[in-house]
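Novice: Chains as they are written, first to last, in this note's numbering: chain B, 1 to 287; chain D, 288 to 537; chain V, 538 to 948; chain P, 949 to 1256.
Some hints could be false.
Far from chain P, by Cβ distances over 10 Å, these chain B residues were calculated [stated by the list, open to error]:
1. VAL81
2. LEU94
3. GLY99
4. SER101
5. VAL143
6. ALA150
7. LEU250
8. GLN261
Computed list of lysine to aspartate or glutamate pairs in DMTMM-like fashion (alpha-carbon distance at most 20 Å, straight line) [stated by the list, open to error]:
9. LYS808(V) x GLU846(V)
10. LYS808(V) x ASP87(B)
11. LYS710(V) x GLU737(V)
12. LYS808(V) x ASP181(B)
13. LYS943(V) x GLU846(V)
14. LYS710(V) x GLU735(V)
Everything labelled a hint here was simulated from the structure, so no lab data went into it.
A quick note: this is a predicted structure, and the numbers were derived from the prediction, not measured.
All C-beta atoms, glycine included, are put in the ideal place defined by N, C-alpha and C.
So you can see what is in the structure, the chains are spelled out below.
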Amino acid sequence: MIAQLVLNGLVTGMVVALGAVALTLTYSILKFPNFAVGGMITLGAYIAWLVNVPLGLPLPGAAVLAAIGLAAVMLAADRFVFRPLRDRGAITLLVAAMGLSLILENICRLAFGNVARNFDVDPERPWRVSGLRIHPEQVTTAVVTVAAMAGLWLVLRHTRLGRAMRAVADNPDLAAVRGIDRDRVTRRTWVLAAALVALSGVLIGMDRAIDPLMGWAYIIPVFAAAILGGLGSPGGAVLGALLIGVAQELSVLVIEPNYRQVVGFVAIALVLLARPRGLLGVEEIRR
Amino acid sequence: MSSDVTSNPLVSDAALEVRGLRLGYGATEIVKGVDIAARRGAVTTIIGPNGSGKSTLIRGLAGLLRPLGGSIWLEGRDLTALPAVRRVAEGVGYVPQEANIFRNLGVAENLRLATEFVPGRQSSARERDEILALFPDLAVRGALAAGRLSGGQRQMLAMACALLARPSILLLDEPSAGLSPRLVAETMQTVREVCDRGVSILMIEQNVAAALPVSDQVVVLVAGRVRLQSAADRLLVDHNLHRLYLGEAA
Amino acid sequence: MTGRKYTLTRRHLLHRGTAAATLALAAPWVRPAHAAEPIRIGIVIPFTGASGVYGSEMEQAARLVARRINEAGGLLGGRSLELIIEDSESQPTSGVVATRKLLEVNRVEAIIGYWGSPIAMASKQLLIDAGKVMMVSCAANAVTEDPHDGLIWRFQAKSTQWGPVGARIMLNKGERRVAVLAQQNPFVISMVEPFRAEIERQGGEVIREVIYNPDQPSYRAEVEEIFGTDPDGVFIPGLLTDFTSIVKEYYRAGFDTPITSLSIAADANGKFIENVGAELAEGIHHFQPAPPLDSPNYKRFVREMGAPEDTIFLFAGNAYDQLSVAALAIEKAGTTEARQWTRVIPAVSNPPGTRVLDPVEALELVRRGEEIDFIGAGSDCDFNDIGDQLNRHFLHRVIRDGRNEKVQVIA
Amino acid sequence: MIAFLVTILTLVAIAAILALALNLQWGLCGMVNFGLVGFFALGAYAAALLSLAGAGPALALLGAMVITAACGAAVAALSHRLAEEYLAIVTLGFGEVVRLTLLNESWLTGGALGLPGIPSPTLRLPGPGGEHVGFLVLCLIALALAYLVVERLARAPFGRLMRAVRDDDVVAATLGKDVVRVRIAAFAIGCALLALGGALHAWHFGYIDPSQFTPIVTAYAFMAVIAGGRGSNPGILVGAGVVMLLIEGSRFLKDVVDFVAADQLAALRLILIGAGLILFLIYRPQGLGREYRRSAASFPTVPAPASS
């Protein structure tokens, strides 16, 4: 029973992890918590649905197109929303992101209505491995998440773009002095983040159903994971997501399940009190 | 207001020339129209009391602030409108105070980033070895996060990074800040050596006593204006000037 | 799917064209003094928020009635019906503001719709104070419990009527140790206690009850919790979106305990099977208060709604009936004064009288002074003295091979 | 129409109280309260429960304000060491905890069924709908009092200290001021005002349930503060009015526009609200008020001021 809950929690955590990592990436480059991640999840899922169901492309292809589509949308958002506001402080950007989320979510509602949609995938019964029930979608989720994380790690550690991103995150002024164009890095960060969020939207859509409110339901776990791990730390975001996933599933052993969303917060509050920068958060540079 | 020394840009031996530069944040003007000529192959040091606008000035020269007025010329090219990210390719090297390295990146990555995004200013392997030879303290494990270096090592790493992009002028923001007296002396010596290898230097210093001996030229900045620009040795011997412009800072 | 959506939209446009024309004619600033003033009826239904899915079909159904009545000459000797539709946003506060606007700006005679008990609860006092008629499509008992001067009419079975029906269906299947997985909302919550009472009355046992919050990121923990207790059967009263997620989770987790649910979740105009596919939906029992499925009126209604023949509309039928009953009562009373026509509602909707299925035909009969018993598209439309519907029959169906099969009608 | 205007004005007054409270916390003191709706709900439920238990309006209001302020102080104290972004999520979490508690502790709160029949203070004025006008007058009095309190705080030495804390807590701390106490006090006072708004809301509707307290309330309050100009109390009044008029006024849109379906129109409305918010931020950053102070806004190469 406990092993099953832990397994379920890990898978829940993985779905959250992609969004949390995307959040933490944009945070480290743009220095504001991007509340639009909720609307991005929803839009990503709907783009994938549009490609998958009415156009009939298999889901992996749909996910790729969703990533591209969402990236294009976020590039436009960067150009017309975030860039004009870049120097107004984190909270202004954060509130603008909330407005953007409202726009994205309602574009989906305008185009697709309120009815829940589902991808064209045949659900399958679980395998039983020594008492544990593991179903293929959990494996898909795990593979996709791990692959995405590994890819991201490679990009961050071993590419020019990755170095530029980490440099801007570390010290934007110095990065400028070293010839790193922050606007370019910002745009590429949006592309990466949008791809991750679109994937997460597809996984969430597979897990539950696609409806205009799906992003809202996930925005809090995504933020909780990113903050628990320390905003700005991708590894921390993954760790935070997995911890929150497992803690929430395990909490039903002691409390009523309808209070389990509270568990995440209590955990965050406790961790933040002990480590105000999150689990793997880095000390910010003070000038 | 004009400085004591006026330069003629056409026949100037200045590497970096600043004319009527005004800088500030929003409506607040901090640097109120300064003219400076940093001589080629020399160390020019800007001194002045706290709040005189030194840091704002050097950030403006590095391109981190958009000028409110005036112009900036490097080797006869107009840099005024260029943002920081483009000035480095034109030959402006900048070592900020304190936050002068990427703390979370390795030492090797810091060195790599010094030139990776600077088109056309890669140094050759020989130049590279020569530059690194100036900073023996940097012989550490490349993967070590730069934030874990000592204060002196960080300063060295920062200067090395700036030099690798082969700047025409190196801007140093208080290289002695936060260092022990022994390290201050070492750092100043390195500054001199770098200059002697042909890199013009413009630096800001609070520690006038340490900076003057290695400087060729001194600019005194008071309340956002140049109060005096003169040869360093002249200032060194003129105790009146000392008291008058530097006050307790000296 | 999308194709149907587009035809609906085109149909919408046609309707709207008519409505716009009516509106333009009716606009006060262009209305000639002698023209008959339209009779305004407000509709408060959700288009956005958690229950946003049900607004469109209700709007469409109400417009259908208004159009037919207006084409047949309107009410009270030529006054047309004008509908003013407001979005409740699935939120009581918005519902209240919408209600106020309809009452105070549009000066409507009645407000119908009211999907969602909190919205009706928050708005009802306004209608009572204004002395206007309120017709609701929600189930919470509390809506009609307090005195309301005979102004509130419920076109839906009460929550407490639903629970025992679910219990009987499960007991009939031989499930005695049962569990409940219910959404935390007023409609569902108030059916849980009657459900438990009925199970226990018949010697069964509710071994676990889990309440979940709407709009959760996932329902995995709840599914593990409830099916892990290994009951004979699980009663899952929920709504479409959460029920879809729960069933997917249940299937993938490898459970096979039989499920009984509500048709708003497990049918939802065919959306559920479309959502999860035939294999997952197989064997799920569900029930809902039944519209008169075999009546020609209902069949025509489904046709006019542009839906497949076997569609079972739950809320669209309510809106259709609400507007029809209001129109009949106004015609019968000969006045738009709400306090008067609300009193004749039982006279047009309850027996005795000629059973009549079509609102336009019924109007004819009323004008001829005949006693009628209107049978609607959503229900028989019979009411008790506090405005709750009587004689609700429940249709119990089961999903087999991707189709809803009728099991029985439960009285 | 007049009666509907009274309704709208009542809502504007309540929204303005919320916006003033947020302006005190965020505008003047730099503390982001994303759990605004949680405190609002807490105040509404406390006032409603006390009113239902037979307490007079004054006592119910006082009780609600004290309880909510205490919770606010606790949240602020708990998170005083956190940077701005973290306070945002802690307050957001608090709001979620409040919502779940209200939803699930039905023995106290009525759960999803809510609390009907809340008795409200009446001030019956003559004329049709006199009690609505009377309630509006009560709301306006409450708004005026809230305004005076916030304005006085902003002008008092306390207010200058709060601005110092907002602009640079390190500086304020080195000035020897008790930054923590100022932040906690400001946050608690803001929460007491939110409770005032909550009590008026509960009395106005006479029925409350958890679905009335969704995060969109918080979003509207932020919109009001942004439209009004962060830090400017007179601007906030205008901002709250503009936002509520936009939200409620757009209802009239569908009486005129007839070419899109109602559900699409509703979505369109929310899109316009989001877009309006962003455009306001871009083109009228100073809001409608005048006391907005912001530096370094016109330098694209200057990084945003450090957020901590």
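Novice: Take the hints in turn and mark each one as holding or not.
Specialist: Each hint tested on the structure:
Not every Cβ of chain P is farther than 10 Å from the Cβ of VAL81(B); the closest lies at roughly 5 Å, contradicting the non-interface assignment. Residue placement check: LEU94(B) does not keep its beta carbon more than 10 Å from all beta carbons of chain P (closest about 7 Å). Non-interface status of GLY99(B) relative to chain P is broken: a Cβ of that chain comes within 10 Å, the nearest being about 4 Å off. With a least CB separation of 8 Å from chain P, SER101(B) falls inside the 10 Å interface cut-off, contrary to its annotation.
For VAL143(B), the shortest C-beta to C-beta distance to chain P comes to about 30 Å, beyond the 10 Å cut-off, and the non-interface label holds. No Cβ of chain P comes within 10 Å of the Cβ of ALA150(B); the nearest lies about 28 Å off, and the non-interface call holds. Listed as a non-interface residue, LEU250(B) keeps its Cβ farther than 10 Å from every Cβ of chain P; the least gap is roughly 18 Å. The claim that GLN261(B) lies off the interface is violated: its Cβ sits roughly 6 Å from the closest Cβ of chain P, which falls inside the 10 Å cut-off.
Simply put, LYS808(V) and GLU846(V) have alpha-carbon atoms about 15 Å apart, close enough for the 20 Å limit, and the pair holds. Distance restraint check for LYS808(V) and ASP87(B): the Cα-Cα separation of roughly 47 Å exceeds the 20 Å cut-off, and the hinted pair is therefore not satisfied. In summary, the hint linking LYS710(V) to GLU737(V) is supported, as the alpha carbons are separated by about 15 Å, within the 20 Å threshold. At most 20 Å may separate the alpha-carbon atoms for a hinted pair to count; LYS808(V) and ASP181(B) exceed this at roughly 49 Å.
Between LYS943(V) and GLU846(V) the alpha-carbon distance is near 15 Å, which keeps this suggested pair within the 20 Å criterion. Straight-line distance between C-alpha atoms of LYS710(V) and GLU735(V) comes to about 15 Å, which keeps the hinted pair within the 20 Å bound.
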